[in-house]
Structure formats: structure tokens, C-alpha cells
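> Take a look at the letters that make up each chain.
2 protein chains.
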Amino acid sequence: MERLSRTPRLDNPDSDALRREILDYFNTTFDRYEQLFEVLTSDEAYFVKPIALRHPLIFYYGHTATFFINKLLLAGLIEERINPRFESIFAVGVDEMSWDDLNDDHYDWPAPAEVKTYRKQVRQTLDRIIRTAPLTSPIHWDHPWWTILMGIEHERIHLETSSVLIRQHDLKYVQSHPAWPVCRDSGPAPANQLIDIPAGSVTLGKARDDAHYGWDNEYGLRQIELKALQAAQMLVSNQEFRAFVDAGGYRDARWWSEEGWDWRNFAAAEHPSFWVRTNDDWQLRLMCEQVCMPWDWPVEVNYHEAEAFCRWKAEQTGLPIRLPSEDEWYRLYDLSNVAEPSPGHSVNANLHLDHFASPCPVYRFAQGDFYDLSGNVWQWTQTPIYPFEGFAVHPCYDDFTTPTFDERHNLIKGGSWISCGNESLRTARYAFRRHFFQHAGFRYVAGAPPTAIPDSRYESDELASQYAEFHYGDEHFGVANFPQTLARLAISACGSEHNGKALDLGCATGRASFELARHFTAVDGVDFSARLIDLGVQLQQQGRLRYTLQEEGELISYHERDLASLGLADVANRVQFSQGDACNLKPLLTGYDLILAANLIDRLYSPRRFLSQVHTRLNPGGVLIIASPYTWLEEHTPKEEWLGGIKRDGENVTTLDGLHEALDAHFELIRGPEEVPFVIRETRRKFQHTLSEVTCWRLKD
Amino acid sequence: MERLSRTPRLDNPDSDALRREILDYFNTTFDRYEQLFEVLTSDEAYFVKPIALRHPLIFYYGHTATFFINKLLLAGLIEERINPRFESIFAVGVDEMSWDDLNDDHYDWPAPAEVKTYRKQVRQTLDRIIRTAPLTSPIHWDHPWWTILMGIEHERIHLETSSVLIRQHDLKYVQSHPAWPVCRDSGPAPANQLIDIPAGSVTLGKARDDAHYGWDNEYGLRQIELKALQAAQMLVSNQEFRAFVDAGGYRDARWWSEEGWDWRNFAAAEHPSFWVRTNDDWQLRLMCEQVCMPWDWPVEVNYHEAEAFCRWKAEQTGLPIRLPSEDEWYRLYDLSNVAEPSPGHSVNANLHLDHFASPCPVYRFAQGDFYDLSGNVWQWTQTPIYPFEGFAVHPCYDDFTTPTFDERHNLIKGGSWISCGNESLRTARYAFRRHFFQHAGFRYVAGAPPTAIPDSRYESDELASQYAEFHYGDEHFGVANFPQTLARLAISACGSEHNGKALDLGCATGRASFELARHFTAVDGVDFSARLIDLGVQLQQQGRLRYTLQEEGELISYHERDLASLGLADVANRVQFSQGDACNLKPLLTGYDLILAANLIDRLYSPRRFLSQVHTRLNPGGVLIIASPYTWLEEHTPKEEWLGGIKRDGENVTTLDGLHEALDAHFELIRGPEEVPFVIRETRRKFQHTLSEVTCWRLKD
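If you're matching them up, the sequences are chains S and V in order.
Residues 149 to 849 in this note's numbering are what the first sequence spells out, letter by letter.
Residues 149 to 849 in this note's numbering are what the second sequence spells out, letter by letter.
Pulled out of the complex, with its shape left as it was, chain S reads as follows:
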């Protein structure tokens, strides 16, 4: 096949040359996408859905063009829409997640010829922009032209995903096409074997100044040490997988995860999806035709099928057979010195449409000791996609990756015969739902379970994420971080000689606990809400915390905070978080030099019960710090339990009066009352701005 243009280096100092290269990259991509739809046999083929939960192909035909327009509008490279109606119809609906948008009643699809005309208009617009818009090299993440590359790489992704949909279409809607020649080699598969891989380290993540375009999730850094393991030399072939099918693997829940078994039952799957049983024989559905089963080609399955095979294989062999982690895939890739596609050369892999418009035998492309570490079909990993350290969303495409940080989308690596552009690079990182089909199979490894990966989720619970920002996020209106301020005040009140144990009661997401750990040798962070404590625990265990914040209406932003940049990495392990009720504390929680009760007392069901015993938990000379805006609400505290803010016997009783009543027997007030402000961000423009009254009490001897 004619070599398809490679994703360009964006740091070419010759901006005219760079402009020409991008123009070529755009046009060849646009052409190739047009060619894909030429395999369809009729207009009807555009309108009948290949699978129920996704749009018909007409959507995908228009979508990649509309995407250019939307992103260039955002970047200010164009001013006006070309066809607002089409650009509404073709804008969203790529992913199965949007199944509620897929009701056909909502759509009045235009004819393919109309879309072809629209695509032509878009091409002319892009052609003009690329030829004429000002361009300074290099093109980086914030550069307006980044969106042009984004559009091209986006179309290359859809070149692949649409080829999968076409492969799922009824045969009558597709035809062979000279631009899409399949591999004709097939035969029995050689036996697979495990190859020893020594322990070693890998580095993942794309540098911010990398010369090639990248998607948001690729950037950042992860370095990790891996133990020795064994890895299969080849991808699992149809033949190797057949043993599992023949052994009744699809009918035995033992091999499947719960989620996988649910899928199997829902889909009534009996064998790989593209396998077709014909009179006791097997055929394989390719993109445009059905062929006798090429047993030595890689089997194409979803994650659940791959995982079930591994469990079965492990029992068969007595070896710890499993899917690799993303880290492990990189280890194999790096050890084998796999080359990325480059201009002017065919790549040594069934990749980038350099060789076939189909898979090929699993022993065709040797890369080091292995075959097909890159290319042929994607390889499932057991790793749900997660952000690397330093992850940030691109402002022009904030939902490219973030919706997949849900522990339900697993990474696939290596690319397939049709993966091109960014997809063909080492740093490429794509993830799909575990039950999805792509041109994807798997390679197994044998070894101990891999290192756990960081939690990928963004905390999105409104209260929890507001608290996370309150404790670890930006300051607003010049108001200093509240838990940090209180912790400093507490440390100063205790003095250097009292630095034993501290209790942060009502610790919420834990900032004050960590700050106290700078001074105290041990800090207990206790809160009633497990939900909030979890964020502190997450920060402690993983060093970072991610959450979303509401910006305006339903628009959100993504935030990451880490202990290291707060200067807390070294002391965080002095903190012990636990759930507890301040009105009924465990006897264990005692012997403190400090008890901090920040924004706590007006949320307790019985603040008096707490205050009546708190002296028993302090060491001699210990300090109790109470901070509260005294926002008494009956939903938290029955009125008869309010410490103050009441009329008693006709006279005003303030909460400060109530604190004196409750504490004077055992404590002397050594500092305060003073007002310490805090700000909680609700949206980009809406904040709670509150004054907390702080009093410091020392236990009398």
C-alpha cells in the first residue's frame, strides 16, 4: 500500500516546511477517511446501524469534519460555522456512553451526498486556513494550530474505529476495495512460548516538549521498578484461543470475572465475536469480507474474553498466567527496541496501513525476541486508564480522556494494522470499555500480580470536592488556607515542648492533620464522614488527589493536588486517619498534647457531651483549640443542645458564653477569641466566606 503520511514533528524550525507537512498530513488523512467509506455498497449502508448502541455510519462520516470546525472555532482560527445544522447533528455521539442520545427519532440524517459536499467545504476551509493562517514554530499544546493537529489525529482515530464498525456491518453493505487489501497468508499457528524478562525499570509518559502531537492523558511521568516475569512471545492466535472455546470456556463461570460473566450472559457469547461458525468449520469476518479461519492470526476479543482465557490457561499450565499491566507492556517494548513508524520507511510491524488492511500471522513481524509488540492488533492490559503525575486536560477538548478515568476503561497498547498517526507511537494510550470490540487481542504474561496503579478517579461529589479544594486548593479573596492557619496557630499555642500526639477532630479531608504532623510526632485525624477521610487517605497513600469542581452550570474543571508540592510528603506518614464520633470517642483516643476541633462543634448532635469529656483526653498542660462560625442549625444539633446563640431566661447567651460554661472547670482560656476567615468555593464565581471564632484553652493542672 501507499505509505500514509506520519504524524509530523511540530518543532520544525522551518515554518513553511512545517505548514506544507501539515497540509499534506491533513489531506492524506481526509482522503484516507473518504476511502474507507467507499467500501460501503449503498446509501442504506450509511443509515442502518452496524450495532444497536452506536450511531449509523453517516454520523461518523460527518463527525470528523464537524470536529475540525468546532475545535478551530474554539481556537479562533475560524469565525463562523459552515453548516450549523450539520454541525449540531455530527457533533456528539461517538461513544456508547451516550446511548441515551441514540434514539433515532432525534435525528434526521442528511444524505451521504450532502455530507460529502459538506466534507468538501470543510476540506476547503481547512486547506485555506493551513495555507494562510499565521504560523510560528514550534506548535505546542497552547498554540492555536494544536487544534488542527487535534482534528487530524481525531480523524485518524475514527479511521480505525469506523473500520471496526464497518467490520460489524452486515456483509451485504460492504465490498472489497483496492485501497484496503487484506493479508492472504494464513496457516496453522506455531506454539507460543514464554520468554524470561528480567527485573528492571520503565519510564512512562510523554514530555511536555515532545515534538509530536499527543492527547492529554499521554503527558506526565511515571517511573517504576518491575519484577522479573515471563511474557508470551506472540499474541494469542485464533488457534491458541480455540482450545479455550473447545474446552467450554464460554460456558464456565469459573474463568470469568463477575463483570465478564455478566457480559457473556448478556451477549450470549459462545466464541470470539468475529468468528463465524459454518457447517462445523470456522470463518473469520474481516472488514469487507469473510474468510476461512486464519488460525495463525491473532484472536480478536474484548477484555473479558482475554481475561477468562488467561484464568483458564493458568489452571491448564499451573503458571500465573494473566494479562500484562501497561507498565509491563512498556518493559517488553523497550527491551525489544521496537521502532516507531517514520517517514520514508515501511515500519517493521503490521501498523499504520503500511502492509495490510487486516491482521496477519502472529509470527510475521519479529521485534527483538517477540512478535507484534507493536502492530497487528491492539493488546489488552489489565490496567484501567489513569492520569500520570502532572496530568492536565486540554482546554479545547476537556472530555477526551476525563470521562474514562472511572476504573472501567482498560488501556490497550501497541496499535493495530490500521493505527496510524499518534496511535502508532510508543506514547499512545487509548482505553476502551472492557466489553468493547476493537481490532484488539492480547498477549499473556506469567508472573506475580503487578504493582497497583494509582486511583484514576476524580472526586466529583460536590461536598467532597469542595472540601478537597478548601483544604488543598487555591486561595480566594486573599484568605489564607484555613486548616494550615489553624495548624500553625495550634503549634504556636502548644510550644516546642509539647509535640507528642495531636488529635484533629473533624479532620474532614485532612489538611490540618498533615500540617500538624510537621510538629507533632503522631496525629490522629478523626471525622464522622468516611467519605471525606477517604480523600485524606488517598492523598496519604498515593501522594495525590484529583477532583472536579463546578465552574458554571454543568461545566466542570479538573484539579490535581499532591503532598510533595505542599511540602508534606515527609510528614504524611505520621498521620493516622479514622472514622469516629466526637460525641462518643473511642477510649483509645487519649494522651494528646493538642486537640483541634475546627468547624466541628456546631455540627455535633451533642457538643456538650463532647466538651464535658474532652479534658480526659489531654495530657497535663495540653491545649484544646476550638474554631467555629457557630452556625447552629437544628438539622445538625437539636436546639436544646446549642451551646449558645440562644435566649436563656430572657438573656442572650452567646456560644462563647456556652464554651466558658462547659470548659471553665477544667480549662483556662489562653488565647482568643479571634476570628479566622475561610472561603469555600462553590462555583467559579460563588463562594462561602465565613469567619470562624478561634479560642485556645489550656488544661488546668
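Hints are not guaranteed to be accurate.
For chains that are exact copies, the list does not tell them apart, and a pair is met inside one copy or across any two.
Stated by the list, open to error - Simulated crosslink set (EDC-like; lysine to aspartate or glutamate; CA at most 16 Å straight-line):
1. Lys-268 with Asp-797
2. Lys-795 with Asp-546
3. Lys-795 with Glu-699
4. Lys-197 with Asp-275
5. Lys-795 with Asp-547
6. Lys-795 with Glu-702
7. Lys-264 with Glu-182
8. Lys-264 with Asp-179
9. Lys-834 with Glu-823
10. Lys-787 with Glu-702
11. Lys-787 with Asp-797
12. Lys-264 with Asp-410
13. Lys-197 with Asp-256
14. Lys-734 with Glu-816
15. Lys-834 with Asp-275
16. Lys-734 with Glu-186
17. Lys-264 with Glu-186
18. Lys-848 with Glu-799
19. Lys-834 with Glu-702
FYI, nobody ran anything at the bench for these hints, they're computed from the structure.
Here the structure of chain S is known, so what remains is to put chain V in place on it, guided by the hints.
Only chain V this time, still in chain S's reference frame:
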């Protein structure tokens, strides 16, 4: 009778003499109160309630002593309670309003002898304090000793109100007592007559530097011109009132207000409360005995009965007979040169216990052309109590008056035979619920309806009072007044040549409307909420606005704002407030040079409908200003109506984008977006701090 000490001048520069006078004032008051309870015949008399909705007399016996302790504690004159249990029992429950506290189960009354002992302890304490506490003259409102006078005057009030309760007690519980000699003069009453009063002015209100103690509601200033009227020479006597009773006045709803008729039916009243029918004759219940009806004594009735009599009398005479206003009472008082009680002389009035422990004939004490403008019995006015300009609550007794600013407590004037101390002064101002009985009757006048009095109410609705403070109150965190800032910005955007009509849409309590009136010749203030507009209207009509704010828990503070001190008195009449729906405005609202929509669009059910027609309401070159934090909530605006803060066709649409979409056809953006902050106070320590995005749009030609 022995003359009871007068309320002392508090500006005596000889502080030793002042101290001695206060000691005497305290002791004689305490003694006289003790004497009152000597008319009770048994301990049982202390425990049986004279009327169902008020405490038994034991409460009142202890209450005045406890009151001293509570107030002196507040003032820091004493440090500790004398008897915490008693001081809880005797603290509150004076007013019928507290009927829910009157369940006897809540109380375990001590024996009268115990209370007598307690009173002795209190007296010793007060005696010591008055003898020894530091004293600098003069004693003013903020002086710690003010609370001593407060306690004494408080006891003098209860001397009177307890005498009413005793009068309502069963006869078997009371006995005559030499310290309480009644008047024995009675006979037929002379015919009443109307006396002409020329038009003239009166001045009400006590100066802040007045030499005598005063209650909070007495201070301030009111000057008013009164029209000519006629006033009855004498109080209405039992005889004059009898004609109404005999005419079936208590059975004819025509004469009664709705509220009065409800009371009559509830009470099944057939005649004045203290009248007793015996064998076709009438007797009158006095404090300690029942006597043949003294027909020439003043009738004692509540407000409803007095009002009904006047309506009946008006029909009888064809004259505009009615109750006087408070202003009118002062006009008569001033014209008649009534003298206040002074030391060393008996007052020329049945007042201050100088003459009788009962009423006396209505023609006994002539004062100018009238009788009994002061003394004998209180005189109901048609004026509900309201605060004068400059009113402020006293911090040591913030619920003395404020609970009566509810349009349900009418002023009584002139004092009765037992009114002494502060009660006997011209400036005295007491108000009771209209159905209450005191030693009170009435004088009628004939004339056109009096000038309406200012609204006395404090806005206490949480939202409305927060808005009042937001618009007219204090600034917080250094954030400038928001509606004022917007109005200035609007005036600057319009320029001096555009100063015709302005529309303040979503005007709430109206501050921006008033501020715009500094520049525009006419301003329409329109809001959906009649509740909020009402506050603007109140400010416009009365020049002032009063509201309460939450401080901490149930504790509140009282606030008054006026147009004059905001510099808005001269322009306020340019504003016209009306209720309206921004999504469906009346056609009349058009021809504006400015439309200001502040914090409006994200509270509309269809902001697009508003924006689609707003250009039709502006003059050529007119300016539209939109300010909003874009806090879209489905409770206000269905999501499909949100202007922005949404994902549309996969892309982020901000509200600013949505504004451009809605407005660009008719407007050009001439200023902004810029963020203008505002702060809304929720409690003393809790605030909403928000950024409103402001954009200014000029109508295209």
C-alpha cells in the same frame, strides 16, 4: 398617701447626692412593690392564676428582683447569680405572647416566704452595689448604672401591671390595705363636651441627653403638623359608656372592627370587664374590693371596646368621633400645660399614687381646658407603637420594645393613678395588645383621620432582610455596595446625554433604582417578588426601613436604614416600583436609555425570551447591562433554557457565549466582561461572597 419618690435626674453633677437619690429610689420602689403583695390574703393567692394566659402572682413577685440580677450581670456590676434556680424560674414569662411557656407542668413555684427571702438578698446586693460601686455623673444610656435605673423602672411598671392582675383575681384572695386607699367620691357624671383645638405642630420623642431614664422606644424625634380637631373635655365615664351598653353595643357587629368582634365573641363580652351586674344594678371591681358603680369615674375598657364606642357615638352624633392618635394626645397635653410629677409637690393629676389607689371622677383634675390628660386611667390611642427616627435598641434589653413593633400593640398615654417613675413623664410610651386590660380608658376626638404613622415593623423574613442589608447595609470584606457600584457603572456607560428613563429589572429591594435616579429622570424598578419590592416602596414612602438580621443561632440584631443618610432623599421620588415578570414584561415598559439586569438572568424561567425582546424596549443608542454570577439552577431555570454553562454539541458553551448568541444581532458589547463582587450576609460570621460578571451592550442603530 405618702409621696412616692420621683424618677431622678441622672445628670446631677454631685455624684454622692445622685447615689443617695438612686438608693432612695430603689428602696422606695422595692418597698412599694412589697406592699402591693400585702393585699393578698393567702399563699394560695400567689399560686392561683388570676387569668389563664398569665403566670400566677408568685412569678411577678420574684420577677422584678431577678430582673435586677440579670441586668446587673450584663452590665458587669455583679459577677455572680444569687439563686440560679430562682433566676431561671423568674426570668421570663411576663407577656401573654409567651403563652406556650405557661404550662404549669414546667414550673415548681417556690413558697412566697422563700421568694421574700430571695427578694431580701437581692435588695441587700443592690443596696451594696448602689452604695459602693464607682459612679460618675451623668448616668447615660451606655453607663453601667443605667441598668440599675432600668431595674427600678422595670419594677415600677410591674407595680402597675401586677395591680391589674390583682384586680383580676378572685375577691377572696384580696383584702383592703391602708397603703392602697381608694377614692370614695362618686356620683352622676356631667355631660362631656367637645373642645376646639386649632391646627398646630407637635414634637414627639425624647432627646438622647434627656436627664431622666427612658426606654428605647421613647428616644428619637418626630415633628408633625396637625389639622384642627375637637377633643372631648373628659375621659369617657362609666355613665357615658353605659349608653352604648344599653343600646346593645356589645351585640352589634357594626360598631366593631373585625379583630374587635372576634375578641368580643371569644370573650363573650357584654360590658366592660370590671363591671359587675348585680340584681339589675351595676358594681365596679376595684383592686381589692367591689363597690357600687361610680358612674362619674372613667370607664376602663380595652382598645376594641373604646373603638366600638366611638363608631357608635359617631353615628349617634353625626360627628367624626374616633380615638385620638398619639400625636393628637400630645397636642392636647402641650396645649394644656400639664405638669409632670416633681419632688416635693403633689401632682395635679390622679397619678403616681399621689392621691388614690383607684380612679376618681373624670372632672376632678382639670388641666387647662381639659381633665385627665394625664392620670386617672391610661388613654387608648389608635396608634400602634412604632419607632421614632433614630430608634436603637438598648443592648441590655433588646426585647423590651422590638417584639411590640408588629402593628398589634397600640399606644396608651397619660398614665393612671398608679403610674409612677418613668411612666408618669410626658415622654412615656407604652403599648399593649388591643384586647388587653390595663387601668385604661379613653378620650374621644372628632376630626378627619389623622396622618398615617410610619410602619413599625422590622422585616424579619430571612431572604428579605438579607436583601435589605445587601442593598442598604454595611460593607463586608472591603467589597463595595453592589447595586451602587452597578448604578455608577451604568451611568458612566450611558454618558450624560442619555439620562431619560431607566429600567432596573430584578430590582429586589431597590437600591440600584434609587442610585440610578441620581442621573436618570425616571426609573422603573421591577421585580417578580412583591415581598422584596415592598421594602423599596417602604423606604421610598417612609424614608426608612427596619429589619432584623441573624447574629448567631436564634440571636438577632436590629437595623434601621434611611434614604437621607444614603443621600437619596431628593431623588427617591423619581423611582416607580412595580411587580413584573422579566420574561413577559408589560408593553408599557419601554423607551429606556438604560436597562439594568442585575443578578437576574440566572433566576428567569426563560432568559432567552427576555433577551430576545429586550432591544425593543431601548431607545436608539440605549444601553443594556447584564450582571450575573451565572449560577444556573434547575429549580429556577429548566436546563434547556440555560444560556450557557452547558455542553452543546460536545463543546463547552459559557453564559457569555450564550449572551453573544442572544444579543449580537441587535447589540454591540461596549464594556466587559468584568467581575464585580458582592457579599450577602447570612449571619454575623457567614457570608455569600460572589462574583457577578458584568457586560454592557449598546443597541445598534
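> Take the hints in turn and mark each one as holding or not.
Now the hints, each set against the structure:
1. Lys-268 with Asp-797: So Lys-268 and Asp-797 fail the 16 Å test inside a copy (83 Å) and across (21 Å) alike.
2. Lys-795 with Asp-546: between (53 Å within a copy, 11 Å between copies)
3. Lys-795 with Glu-699: between (41 Å within a copy, 12 Å between copies)
4. Lys-197 with Asp-275: Neither way: Lys-197 and Asp-275 sit 32 Å apart in one copy and 97 Å across, limit 16 Å.
5. Lys-795 with Asp-547: between (53 Å within a copy, 10 Å between copies)
6. Lys-795 with Glu-702: Result: close only across copies, 7 Å inter versus 43 Å intra.
7. Lys-264 with Glu-182: For Lys-264 and Glu-182, only the intra-copy Cα distance (9 Å) is at most 16 Å; the inter-copy one is 105 Å.
8. Lys-264 with Asp-179: Intra 12 Å, inter 106 Å, cutoff 16 Å: intra-copy only.
9. Lys-834 with Glu-823: between (22 Å within a copy, 12 Å between copies)
10. Lys-787 with Glu-702: between (37 Å within a copy, 9 Å between copies)
11. Lys-787 with Asp-797: within (15 Å within a copy, 50 Å between copies)
12. Lys-264 with Asp-410: neither (41 Å within a copy, 83 Å between copies)
13. Lys-197 with Asp-256: So Lys-197 and Asp-256 pass the 16 Å test inside one copy only (14 Å; across, 83 Å).
14. Lys-734 with Glu-816: neither (25 Å within a copy, 65 Å between copies)
15. Lys-834 with Asp-275: Neither, since 43 Å and 57 Å both go past 16 Å.
16. Lys-734 with Glu-186: neither (71 Å within a copy, 59 Å between copies)
17. Lys-264 with Glu-186: Close inside one copy (11 Å), not across copies (108 Å); limit 16 Å.
18. Lys-848 with Glu-799: neither (29 Å within a copy, 62 Å between copies)
19. Lys-834 with Glu-702: within (14 Å within a copy, 26 Å between copies)
The earlier numbered hints that this structure contradicts are 1, 4, 12, 14, 15, 16 and 18.
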